[in-house]
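Novice: Between the sequences and the hints, there should be enough to build the whole structure, so can you do that?
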Amino acid sequence: MPIDVNTNKYVDNHADSIRVYDRECNGCKRVKKDIMISILVYAGDISHFNYYFLTTEQAKALIVELDKKIKQNESLFSIMGRP
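For the working numbering, add 1098 to where a residue sits in the sequence shown, where the first one is 1.
A couple of the hints might just be wrong.
[As the list claims (entries may be wrong)] Once the Cα atoms are required to be at most 27 Å apart in a straight line, the calculated DSS-like pairs of lysine-lysine come out as: (1) K1131 - K1166; (2) K1158 - K1130; (3) K1131 - K1167; (4) K1158 - K1131; (5) K1127 - K1158; (6) K1169 - K1158.
[Said to hold, decoys possible] Simulated DEER-style distance windows between Cβ atoms: (7) S1145 - S1173: 12 to 22 Å; (8) Q1170 - I1135: 13 to 23 Å; (9) S1173 - N1106: 38 to 48 Å; (10) Q1156 - T1105: 33 to 43 Å; (11) Y1140 - D1120: 18 to 28 Å; (12) V1129 - K1158: 14 to 24 Å; (13) D1132 - K1166: 16 to 26 Å; (14) K1107 - K1127: 15 to 25 Å; (15) N1111 - L1174: 34 to 44 Å; (16) E1122 - G1142: 14 to 24 Å; (17) T1154 - I1116: 29 to 39 Å.
If you're looking for bench data, these hints aren't it; they were derived computationally from the structure. Glycine included, C-beta positions come from ideal geometry on N, C-alpha and C.
Specialist: And the structure:
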């Protein structure tokens, strides 16, 4: 977890922008993977990009896990009466 240089306290990262690229992007070609996920991350006043390279199998497993959590959240929201 990064430290804010102004306050000397830990700050949480949060994603601002997420993009997904196929195996034809330069990064995937360089590391020989199928999918690249690019995430613009903000931590306090600092921003940077994180890149994640996945195989097709890893990307499919990620989709399954994301779908589970989205459905779980939707179920919780409906129980709590939230949209």
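Novice: Now tell me, hint by hint, if it's right for this structure.
Specialist: Hints, verified against the model:
Only pairs whose Cα atoms come within 27 Å are accepted, and K1131 paired with K1166 is accepted, the gap being roughly 25 Å. About 17 Å separates the Cα atoms of K1158 and K1130, which keeps this hinted pair within 27 Å; it holds. For a cut-off of 27 Å, the pair hint linking K1131 to K1167 stands: about 25 Å separates their Cα positions. At most 27 Å may separate the alpha-carbon atoms for a hinted pair to count; K1158 and K1131 meet this at roughly 13 Å.
Distance check on the hinted pair: K1127 and K1158 sit about 19 Å apart at the alpha-carbon level, within 27 Å; holds. With a C-alpha separation of about 17 Å, the suggested pair K1169 and K1158 falls inside the 27 Å cut-off, and the hint holds. Taking the beta carbon of each, S1145 and S1173 are about 34 Å apart, not inside 12 to 22 Å as hinted. At roughly 22 Å, the beta carbons of Q1170 and I1135 sit within the given window of 13 to 23 Å.
With their beta carbons about 40 Å apart, S1173 and N1106 fall inside the hinted range of 38 to 48 Å. Distance hint check for Q1156 and T1105: the Cβ-Cβ separation is about 37 Å, which falls inside the suggested range of 33 to 43 Å. For Y1140 and D1120, the hinted distance range of 18 to 28 Å is satisfied, since their beta carbons lie about 26 Å from each other. For V1129 paired with K1158, a C-beta distance near 18 Å keeps the hint of 14 to 24 Å intact.
Distance hint for D1132 and K1166: a CB-CB separation of about 22 Å, consistent with the stated range 16 to 26 Å. Taking the beta carbon of each, K1107 and K1127 are about 40 Å apart, not inside 15 to 25 Å as hinted. In this structure, N1111 and L1174 break the distance hint of 34 to 44 Å, their C-beta atoms being roughly 24 Å apart. Against the hinted window of 14 to 24 Å, the Cβ-Cβ separation of E1122 and G1142 comes to about 35 Å, which falls outside the hint.
For the pair T1154 and I1116, the beta carbons lie near 18 Å from each other, so the given range of 29 to 39 Å is not met.
The earlier numbered hints that this structure contradicts are 7, 14, 15, 16 and 17.
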